[in-house]
Amino acid sequence: MSSLGRRPGMAVNAPSTELPPLIKESGQREVFCGLTSIVWLHRRMPDAFFLVVGSRTCAHLIQSAAGVMIFAEPRFGTAILGERDLAGLADANEELDRLVAQLLARRPEIRTLFLVGSCPSEVIKLDLARAAERLGAQHRGRVTVLNYSGSGIETTFTQGEDGALQALIPLMPMAPAAQAAQQLLIAGTLADGVEDRLISLFGKLGITNVATLPPRRSTELPGVGPGTKLLVAQPFLSGTARALIDRGAQLIKAPYPLGVEGSRAWMAAAADAFGIAPAQVAAVLDPLVERGQRAIAPHRETLAGKRLFLLPDSQLEIPLARFLSRECGMELVEVGTPYLDRTLMAPELTLLPEGTQLSEGQHVENQLKRLEVQRPDLVVCGLGLANPLEAQGIATKWSIELVFSPIHGIDQAGDLAELFARPLRRRSSLSFT
Amino acid sequence: MELTLWTYEGPPHVGAMRIADSMEGVHYVLHAPQGDTYADLLFTMIERQQRRPPVTYTTFQARDLGGDTAELVKRSIADAVERFKPEALLVGESCTAELIQDQPGALAAGMDLGGIPMVNLELPAYSKKENWGAGETFYQLVRSLLKAQLPPPGTPKPGPGRWRSEGRRPQVNLLGPSRLGFRCRDDVREITQLLGRYGIDVAVAAPLGARPADLLRLPDADANVCLYPEVAASACSWLERSFGMPTVKTVPIGIGATVAFLRELHSAVGLELPADLVPDDDGLCGAESRSRMPWYARSVDSTYLSGKRVFIFGDGTHAIAAARIASKELGFKVVGLGSYSRELAREVRAAASELGLEALISDDYLAVETAMAEAAPELVLGTQMERHSAKRLGIPCAVISAPLHVQDVPARYSPVMGFEGANVIFDSWVHPLMMGLEEHLIGMFRHDFEFIDGHRSHLGESAPAGSDAAIAATAGSPVWTREGEAELAKIPFFVRPKVRRNTESFAQERGIGAITDEVLYEAKAHFSH
Chain A
1 MSSLGRRPGM
11 AVNAPSTELP
21 PLIKESGQRE
31 VFCGLTSIVW
41 LHRRMPDAFF
51 LVVGSRTCAH
61 LIQSAAGVMI
71 FAEPRFGTAI
81 LGERDLAGLA
91 DANEELDRLV
101 AQLLARRPEI
111 RTLFLVGSCP
121 SEVIKLDLAR
131 AAERLGAQHR
141 GRVTVLNYSG
151 SGIETTFTQG
161 EDGALQALIP
171 LMPMAPAAQA
181 AQQLLIAGTL
191 ADGVEDRLIS
201 LFGKLGITNV
211 ATLPPRRSTE
221 LPGVGPGTKL
231 LVAQPFLSGT
241 ARALIDRGAQ
251 LIKAPYPLGV
261 EGSRAWMAAA
271 ADAFGIAPAQ
281 VAAVLDPLVE
291 RGQRAIAPHR
301 ETLAGKRLFL
311 LPDSQLEIPL
321 ARFLSRECGM
331 ELVEVGTPYL
341 DRTLMAPELT
351 LLPEGTQLSE
361 GQHVENQLKR
371 LEVQRPDLVV
381 CGLGLANPLE
391 AQGIATKWSI
401 ELVFSPIHGI
411 DQAGDLAELF
421 ARPLRRRSSL
431 SFT
Chain B
434 MELTLWTYEG
444 PPHVGAMRIA
454 DSMEGVHYVL
464 HAPQGDTYAD
474 LLFTMIERQQ
484 RRPPVTYTTF
494 QARDLGGDTA
504 ELVKRSIADA
514 VERFKPEALL
524 VGESCTAELI
534 QDQPGALAAG
544 MDLGGIPMVN
554 LELPAYSKKE
564 NWGAGETFYQ
574 LVRSLLKAQL
584 PPPGTPKPGP
594 GRWRSEGRRP
604 QVNLLGPSRL
614 GFRCRDDVRE
624 ITQLLGRYGI
634 DVAVAAPLGA
644 RPADLLRLPD
654 ADANVCLYPE
664 VAASACSWLE
674 RSFGMPTVKT
684 VPIGIGATVA
694 FLRELHSAVG
704 LELPADLVPD
714 DDGLCGAESR
724 SRMPWYARSV
734 DSTYLSGKRV
744 FIFGDGTHAI
754 AAARIASKEL
764 GFKVVGLGSY
774 SRELAREVRA
784 AASELGLEAL
794 ISDDYLAVET
804 AMAEAAPELV
814 LGTQMERHSA
824 KRLGIPCAVI
834 SAPLHVQDVP
844 ARYSPVMGFE
854 GANVIFDSWV
864 HPLMMGLEEH
874 LIGMFRHDFE
884 FIDGHRSHLG
894 ESAPAGSDAA
904 IAATAGSPVW
914 TREGEAELAK
924 IPFFVRPKVR
934 RNTESFAQER
944 GIGAITDEVL
954 YEAKAHFSH
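Those protein sequences? They're chains A and B, same order as listed. Residues in the first sequence are numbered consecutively from 1, following the working numbering. Residues in the second sequence are numbered consecutively from 434, following the working numbering.
Misleading hints may appear alongside valid ones.
[To be verified] Keeping only pairs whose Cα atoms sit at most 25 Å apart, straight-line, the calculated DMTMM-like set for lysine to aspartate or glutamate is:
#1 Lys397/A / Glu365/A
#2 Lys204/A / Asp950/B
#3 Lys682/B / Glu705/B
#4 Lys24/A / Glu802/B
#5 Lys761/B / Glu697/B
#6 Lys824/B / Asp860/B
#7 Lys923/B / Asp950/B
#8 Lys923/B / Asp192/A
#9 Lys507/B / Glu365/A
#10 Lys682/B / Asp709/B
#11 Lys931/B / Asp192/A
#12 Lys125/A / Glu721/B
#13 Lys24/A / Asp501/B
#14 Lys682/B / Asp634/B
#15 Lys24/A / Asp497/B
#16 Lys761/B / Asp709/B
#17 Lys306/A / Asp246/A
#18 Lys931/B / Glu401/A
#19 Lys824/B / Glu73/A
#20 Lys923/B / Glu401/A
#21 Lys24/A / Glu705/B
#22 Lys766/B / Asp709/B
#23 Lys766/B / Glu780/B
#24 Lys397/A / Glu480/B
What the hints contain is simulated information worked out from the structure, not anything from laboratory work. This one's a predicted model, so the numbers in the text were calculated from it and none came from an experiment.
Please model the complete structure; the sequences and the hints are all you need to start from.
Quick look at the structure:
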């Protein structure tokens, strides 16, 4: 069964009886690798530097994907392996030490250095864990050196953040049980403004001890311990969630804070974990819900009844599909996801409308063929595919915008709906006659 | 190992993609891991291509490495041939695949591909870069396709007058224009029109717009024009060696170079020089009047261009051309010249030494920025990278070379080669200076009372201090609480004034006296309708 299940295009059992069999595919993937996460991680932690140990392709990928060459000196870079490093003429470790020393001399404000593994560094088995240990000792007291892999052979797009957070977890102080049980830990990078808002709302609910991972300063890591209540804000943090659970954290099961419904359920689940009465939750959140629904309403007019196809990209596809179908009235043609983590996605899957076709992995040619047959009204996809689809008359929404925009929480639900309504409105507003 | 923040060139397989995407009927199977498909967006976003680049990626993952990645390569090749039915196939690998040594080209050679020509691309990813990859790919493709036509050793070269004996007009190939090259689309059109005026036809322009079958016709032409040496130099020199085809090497960017190019071309195909290309006593010729640039440069308005200090950096071809135009045709003073093209380092060094400078050959943009700052130029001619550096240093800049930004693929006809190209260059180099002058005047006159209203910064920089407080103090106006202000401060600065206004009018209409963060969000929801 399992060997058959890996065959491209083979249908395997779906999690719930309401959903048709999952399409599981492998083939050409139009998905970024985990290195791309650096683009938002470095902004989140301004005292950290991300040094990819890789090839010119890695450097070119990050700069092309990000399109952010506006920075004088970004807090990320690539140690590009050369022929000498591969031929063993130069000891790659000595070379790395030299580059790191040079980098730290130039950037004295850096407190945490992430050595980020890439496809080439993984294939040549360059041991970045040992390199991090060695460099950490060399620069002790000055900078903490960590490592994780963002390689495309192991990670997709947003999984890079999962790796970076897992590298931070061992440094999180142990919180004593009495304290830990009072603490809410939110995992996953959120826009600063959104995060402030969510924390302030938790305060109104009566949860005052709220910490976030990653923190805004890499050196100010929150504690974790037995009973720490873990609320995951992004659906791509499988490894992070597991590692925090291993440290004693209790995972709060909830859908993700996208849209009014998901955000309310996410906050309510946290409140429930702290024993806060539903009446209190309703008193704080229901006015927001009513307002959020009002903000969505005009966009729902544009989106309702429109057929949506999501190509796999950021792992946000399933929560977005849930929001766009349940709150915006869109019809789901196919919901692609790079990989399906059934534990982290369980509360979302039960909310998907009956008959939703999920697909995991990608065989881009087959998927585009299905798309051509289905002719959806809107496709969520990466930048490589957007213009070719637009040229065929199909409206698209770039998925990368979703990881850069503040979209989480009840107050952002209207903005989130607008992101999807915009391409449809634009199409109908253009006229050349 | 070398530390890189931003890079001028991608890896060599991206160069190969540029050749594949430039052509019709060519498909490239690339053995590469997940993530390498990022390169598609260079073509679909920067060049706004309406189709995906003709590239199939094998997308191997860690779990495949223990198994049979060679099988994956063969399956990908077979699928691509069946699905896209290419007229020629390129097979190669990206940096990671190079390490696992599946040798996809050798695998393809052992497959039945239905007789389509296959080119095995070996592009060393750890020592070479994008432009080299493009040049090598084009050369390998030309060589593979023309192998069967190679004349036996000892065959005499065709004479320059072959076209006469064949009773036709002389014809040449335009080699090197490619996708993601600077203004190639319009340069090809400009040069084709220019040659047409002199009775010379373009046999094949390649790789841009050509099919494999067109490359088979390359030896029918009387000469090859090496328009972009980065991409076409190897192919031109092989065609010269193998088929005795002369190469026209002058790159027609700028007035002097365009005229020199036309003269070289006439000599290469054995055409007598027409009157408008014959220099008069002052060394000028009639053809120059086809461009407005020589006159604009002489006109009195351009006096202020004299001796402007210019810093130049780009690919070899465009940097060398820019240095010549800047110093000779616009009367600037070149204070720095450099290139990231190591393959053309010798030529760039020669051009710099003619100007009494030492060329900067580097792909470290920070070294370029440092050199730029030290040279204290008044204008920078560079790539998008230098545009950002110049912006930081407060120096006007015009972009003259790849790497490209979406803005470097303009909707309008905008060549840089030939006589129209010289017009485009005059405008695009001089306009940023005008802006510089304007900025200077604003600085000078900003304290004149007549000036303030019309030229006040749209960001409100010169708005009278305390205006916000003054508005808030008006009777009946709502007052911002600390929480409200704090929430407002998190909104991006460029929309903040609008949000402030909207929130205040929202509060006022409802008789709300104090604007809290809640009121701000109420207003936000209200106005999102």
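We went through each hint and held it up to the structure:
1. Lys397/A / Glu365/A: 19 Å, holds
2. Lys204/A / Asp950/B: This hinted pair holds, its Cα atoms lying about 13 Å apart.
3. Lys682/B / Glu705/B: Holds - the C-alpha atoms of Glu705/B and Lys682/B are around 19 Å apart, at most 25 Å.
4. Lys24/A / Glu802/B: Violated, at about 49 Å.
5. Lys761/B / Glu697/B: Given that 25 Å is the threshold and the Cα spacing comes to 20 Å, the pair holds.
6. Lys824/B / Asp860/B: Holds. Lys824/B to Asp860/B sits at ~19 Å (cutoff 25 Å).
7. Lys923/B / Asp950/B: 11 Å, holds
8. Lys923/B / Asp192/A: 8 Å, holds
9. Lys507/B / Glu365/A: It holds: about 17 Å lies between the C-alpha atoms, which stays within 25 Å.
10. Lys682/B / Asp709/B: With Cα atoms ~21 Å apart, Lys682/B and Asp709/B stay inside 25 Å; holds.
11. Lys931/B / Asp192/A: 21 Å, holds
12. Lys125/A / Glu721/B: With Cα atoms ~61 Å apart, Lys125/A and Glu721/B exceed 25 Å; violated.
13. Lys24/A / Asp501/B: Status holds; Cα separation ~20 Å.
14. Lys682/B / Asp634/B: The hint holds at about 18 Å.
15. Lys24/A / Asp497/B: 16 Å, holds
16. Lys761/B / Asp709/B: Cα-Cα ~21 Å, so holds.
17. Lys306/A / Asp246/A: 43 Å, violated
18. Lys931/B / Glu401/A: Measuring from Cα to Cα gives roughly 23 Å; hence the hint holds.
19. Lys824/B / Glu73/A: Since the Cα atoms of Lys824/B and Glu73/A sit roughly 14 Å apart, the hinted pair holds (cutoff 25 Å).
20. Lys923/B / Glu401/A: Holds, at roughly 19 Å.
21. Lys24/A / Glu705/B: 68 Å, violated
22. Lys766/B / Asp709/B: 30 Å, violated
23. Lys766/B / Glu780/B: Holds - the C-alpha atoms of Glu780/B and Lys766/B are around 20 Å apart, at most 25 Å.
24. Lys397/A / Glu480/B: Distance of about 19 Å is within 25 Å: holds.
In this structure, the hints that do not hold are numbers 4, 12, 17, 21, 22, in rising order.
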